[in-house]
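The chain contents come next:
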Amino acid sequence: MSILWFNTALFFELLATAGFIVYIIKQQKPVFKFSYWILVVGFIFHTIFLAYRYSILEAAPVLNLKSALSFFSWSIICAYLLFHIKFNLRILGSFVAPFASFLMIISSAMPWMNGHIKPVFKSLWLTIHVVTVFMGDALFAIAFLAAIMYLIQEYSIKHKKFGSFYNRLPSLATLDGINYYSLIYGFSFLTIGMITGSIYAQFAFGTYWQWDPKEVWSLVTWLCYAALLHERLTVGWRGRRAAIMSIVCFGVLIFTFLGVSHWMGGYHSFENIGARGAL
Amino acid sequence: MIKIVNIGMNHETATVELRESLASEYKNNSRTLASIREIDLIEEGLFISTCNRVEALFTTVNALEAKKLIISLMSRLGNIPENSFSSNLYTYEDMDAVRHIFRVACSLDSMVVGEPQILGQIKEAYAQSVKGKTSGVILNRLMHRSFHVAKRSRTETDICEAAVSISYAAVELAKKIFHVLDDKKVLLIGAGEMSELTAKHLMSQGVHSIVVANRTFERAVQVAKLFKAQPVSFEEIEDQLLEVDIVLTSTASSGYIITYDHVKNCLRKRRNRPLFFIDIAVPRDVQPEINNLSNVYVYNIDDLRGIIDLNKKQRQQEAIKVERIVQEEVVKFEKWLKTLEVVPTIVSLREKADAIIQAEIRKSKPALSSLSPSEKQAIKKLTFSISEKILNDPILFLKRKADRPSLNSFLDVTKQLFNLDQNKGNIDNED
Chain U
3 MSILWFNTAL
13 FFELLATAGF
23 IVYIIKQQKP
33 VFKFSYWILV
43 VGFIFHTIFL
53 AYRYSILEAA
63 PVLNLKSALS
73 FFSWSIICAY
83 LLFHIKFNLR
93 ILGSFVAPFA
103 SFLMIISSAM
113 PWMNGHIKPV
123 FKSLWLTIHV
133 VTVFMGDALF
143 AIAFLAAIMY
153 LIQEYSIKHK
163 KFGSFYNRLP
173 SLATLDGINY
183 YSLIYGFSFL
193 TIGMITGSIY
203 AQFAFGTYWQ
213 WDPKEVWSLV
223 TWLCYAALLH
233 ERLTVGWRGR
243 RAAIMSIVCF
253 GVLIFTFLGV
263 SHWMGGYHSF
273 ENIGARGAL
Chain A
114 MIKIVNIGMN
124 HETATVELRE
134 SLASEYKNNS
144 RTLASIREID
154 LIEEGLFIST
164 CNRVEALFTT
174 VNALEAKKLI
184 ISLMSRLGNI
194 PENSFSSNLY
204 TYEDMDAVRH
214 IFRVACSLDS
224 MVVGEPQILG
234 QIKEAYAQSV
244 KGKTSGVILN
254 RLMHRSFHVA
264 KRSRTETDIC
274 EAAVSISYAA
284 VELAKKIFHV
294 LDDKKVLLIG
304 AGEMSELTAK
314 HLMSQGVHSI
324 VVANRTFERA
334 VQVAKLFKAQ
344 PVSFEEIEDQ
354 LLEVDIVLTS
364 TASSGYIITY
374 DHVKNCLRKR
384 RNRPLFFIDI
394 AVPRDVQPEI
404 NNLSNVYVYN
414 IDDLRGIIDL
424 NKKQRQQEAI
434 KVERIVQEEV
444 VKFEKWLKTL
454 EVVPTIVSLR
464 EKADAIIQAE
474 IRKSKPALSS
484 LSPSEKQAIK
494 KLTFSISEKI
504 LNDPILFLKR
514 KADRPSLNSF
524 LDVTKQLFNL
534 DQNKGNIDNE
544 D
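Quick mapping for you: the protein sequence lines, in order, are chains U and A. So the first sequence is numbered by my numbering: it starts at 3 and just counts up by one. So the second sequence is numbered by my numbering: it starts at 114 and just counts up by one.
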């Protein structure tokens with residue numbers, strides 16, 4: 003059953019991605035509408051998949067890299083759909099959908115998790131921790147994509163080279179606004195996620211903070227985004243500099259998400275979550 | 114056989130002076146239309162007269178004679194001898210005329226391809242001809258189709274999209290930077306036709322806060338009045354840079370009015386809000402290095418011209434798509450025009466059926482007199498729908514054959530089969 007829901011979601015998300023790519027080339031509104039609703043359908047199946055996994059595992063379905071990537075992809079689509087309601091920015095989908103599908107493709111290539119879930123993961127605190135952290139990550143991903151769009155658009159206006167992107171991308175003010183809002187909300191979610199994570203750690207392992215590599219790097223990520231937000235709010239950083247900074251921050255975030263687990267280990271890493279008996 | 118004919122001149126074939134001398138008289142459209150009504154050879158007609166073209170569009174059975182009459186009418190109205198402008202005229206007939214009017218409507222034939230005014234001017238010309246009762250079945254259809262072509266060309270292609278004038282290009286850029294201009298403040302330095310035009314365009318996009326600076330304060334006050342703006346002295350420009358978002362410069366100054374240091378110093382105080390300089394002065398008023406500062410964009414007159422050239426090229430690209438739309442619509446119109454030949458036969462077919470029904474109902478009057486009015490109504494309805502159903506297939510058949518070369522023989526057969534030609538007389542006799 004899991005495989006069925008997963009593959010259905012993947013299918014619709016890939017279809018939507020194809021549609022969004024056609025849209026950015028052809029710029030026909032019906033193509034967008036089609037892709038958007040296909041993405042919504044994919045998102046619904048994806049949600050069903052996650053809910054189904056949750057009901058089986060009785061824990062947030064993020065305990066190995068496969069499910070973490072799929073959950074990340076789900077969060078990004080969720081953030082995009084919410085942003086679309088606020089900004090009605092069609093072109094953003096052409097950047098978000100391929101990114102989300104890319105994560106899903108990697109996820110689909112990975113093995114399913116075997117064995118039962120240790121009772122320590124069946125905690126509401128963990129679920130809240132995971133959902134808020136991933137929502138934060140997803141919003142930062144949107145900020146990252148908006149930053150890339152900003153840099154492309156800024157380059158063409160600044161250097162007076164009007165390529166095919168100039169007409170397709172929205173105004174600089176809009177892109178900077180998206181970057182700003184996703185930063186603010188993303189930062190709030192990440193903060194809540196880290197707090198609930200440490201509360202969960204207190205319940206599960208008896209300590210709020212244990213200098214695990216993932217914890218340390220999450221803190222580094224948090225500090226990077228805090229610095230960016232601070233510069234934006236007090237000095238009035240905006241535009242190009244803020245865009246570059248949010249790309250750098252997202253690089254740190256991706257390293258925390260993938261690199262730390264892979265190279266540094268620690269109790270957060272996916273191998274350990276599956277393998278070790280008790281923590 | 115009715116022909117559609119188009120005679121006229123445009124910006125390519127005739128000089129402004131010639132167009133003007135003809136156009137001035139055409140502006141008085143009711144008089145020209147009245148003289149067209151007097152020409153028996155011309156069935157329907159209308160005049161299009163804009164600053165770039167003077168054209169007559171008409172239908173006639175004798176194209177050769179009608180053309181001569183129209184040209185002599187032109188020379189009479191414009192008060193110029195025929196031979197002085199006949200070489201500037203172009204003539205299109207039938208489908209070429211249809212294609213031409215379609216191309217004019219979607220501004221493929223305009224000086225600036227894709228300009229939107231021409232459609233309004235054609236609509237006006239058509240409205241005049243409707244008012245003057247010089248348009249009929251064919252022109253009505255033709256003009257409505259040309260409006261339709263123009264609409265399609267706008268929705269299906271980008272022919273009208275990109276700006277092709279300096280002031281519009283500047284406004285488009287401002288929108289790409291600021292998204293909305295409602296809450297933006299504009300500083301206008303110096304005066305001049307182009308900068309004032311740009312300021313007007315900015316205002317029409319929502320800007321309502323304008324500050325005007327000029328070397329002579331009196332002039333600033335004068336210009337400020339035009340836009341209900343606030344005049345400031347030249348020395349205040351540096352302070353204003355903290356406030357405004359868009360700076361439009363067009364002074365005759367030989368040196369830079371706004372220097373790199375001016376702008377660099379104000380950026381932090383502005384909290385890095387974007388600043389857009391539109392410098393349409395030659396020599397330039399804004400130091401070009403300012404463009405290197407982040408969140409500051411400087412466009413001079415050459416940059417804007419570069420955009421316009423690009424956009425014109427893009428419009429040329431789009432024009433190819435529009436030509437295809439025009440071609441499609443010409444084919445559709447041709448098809449419709451041919452169905453016109455079927456119409457008289459269809460009409461007489463229907464008339465005959467109606468006449469038979471009326472005659473038969475009259476004959477049965479005594480038998481039907483006992484029926485109630487609603488029953489009589491029902492019988493009337495019944496007989497009409499029977500005749501409709503019987504005629505439906507032959508009519509559809511004729512319409513389908515409308516664009517075939519064999520049409521005439523089918524029309525003949527139909528006339529003989531239903532005895533249509535003599536029939537009229539018989540029924541009239543009975544009445």
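Any given hint could turn out to be false.
What the hints assert, rightly or not - Derived BS3-like pairs (lysine-lysine); straight-line CA-CA distance at most 30 Å:
hint: 1; chain 1: U; residue 1: K163; chain 2: A; residue 2: K426
hint: 2; chain 1: U; residue 1: K88; chain 2: A; residue 2: K288
hint: 3; chain 1: U; residue 1: K163; chain 2: A; residue 2: K288
hint: 4; chain 1: A; residue 1: K180; chain 2: U; residue 2: K160
hint: 5; chain 1: A; residue 1: K288; chain 2: U; residue 2: K31
hint: 6; chain 1: U; residue 1: K162; chain 2: A; residue 2: K425
hint: 7; chain 1: A; residue 1: K528; chain 2: A; residue 2: K502
hint: 8; chain 1: A; residue 1: K425; chain 2: U; residue 2: K28
hint: 9; chain 1: U; residue 1: K31; chain 2: A; residue 2: K426
hint: 10; chain 1: A; residue 1: K434; chain 2: U; residue 2: K35
hint: 11; chain 1: A; residue 1: K425; chain 2: U; residue 2: K160
hint: 12; chain 1: A; residue 1: K448; chain 2: A; residue 2: K528
hint: 13; chain 1: A; residue 1: K382; chain 2: U; residue 2: K162
hint: 14; chain 1: U; residue 1: K163; chain 2: A; residue 2: K448
hint: 15; chain 1: U; residue 1: K162; chain 2: A; residue 2: K313
hint: 16; chain 1: U; residue 1: K160; chain 2: A; residue 2: K288
hint: 17; chain 1: U; residue 1: K160; chain 2: A; residue 2: K382
hint: 18; chain 1: A; residue 1: K313; chain 2: A; residue 2: K298
hint: 19; chain 1: A; residue 1: K434; chain 2: U; residue 2: K162
hint: 20; chain 1: U; residue 1: K28; chain 2: A; residue 2: K445
Everything labelled a hint here was simulated from the structure, so no lab data went into it.
Against the structure, the hints come out as follows:
no.	hint	verdict
1	U:K163 to A:K426	holds (15 Å)
2	U:K88 to A:K288	holds (20 Å)
3	U:K163 to A:K288	holds (17 Å)
4	A:K180 to U:K160	violated (57 Å)
5	A:K288 to U:K31	holds (21 Å)
6	U:K162 to A:K425	holds (16 Å)
7	A:K528 to A:K502	holds (19 Å)
8	A:K425 to U:K28	holds (20 Å)
9	U:K31 to A:K426	holds (24 Å)
10	A:K434 to U:K35	holds (24 Å)
11	A:K425 to U:K160	holds (21 Å)
12	A:K448 to A:K528	holds (22 Å)
13	A:K382 to U:K162	holds (27 Å)
14	U:K163 to A:K448	violated (47 Å)
15	U:K162 to A:K313	holds (24 Å)
16	U:K160 to A:K288	holds (14 Å)
17	U:K160 to A:K382	holds (22 Å)
18	A:K313 to A:K298	holds (13 Å)
19	A:K434 to U:K162	holds (27 Å)
20	U:K28 to A:K445	holds (27 Å)
In summary, the numbered hints that this structure violates are 4 and 14.
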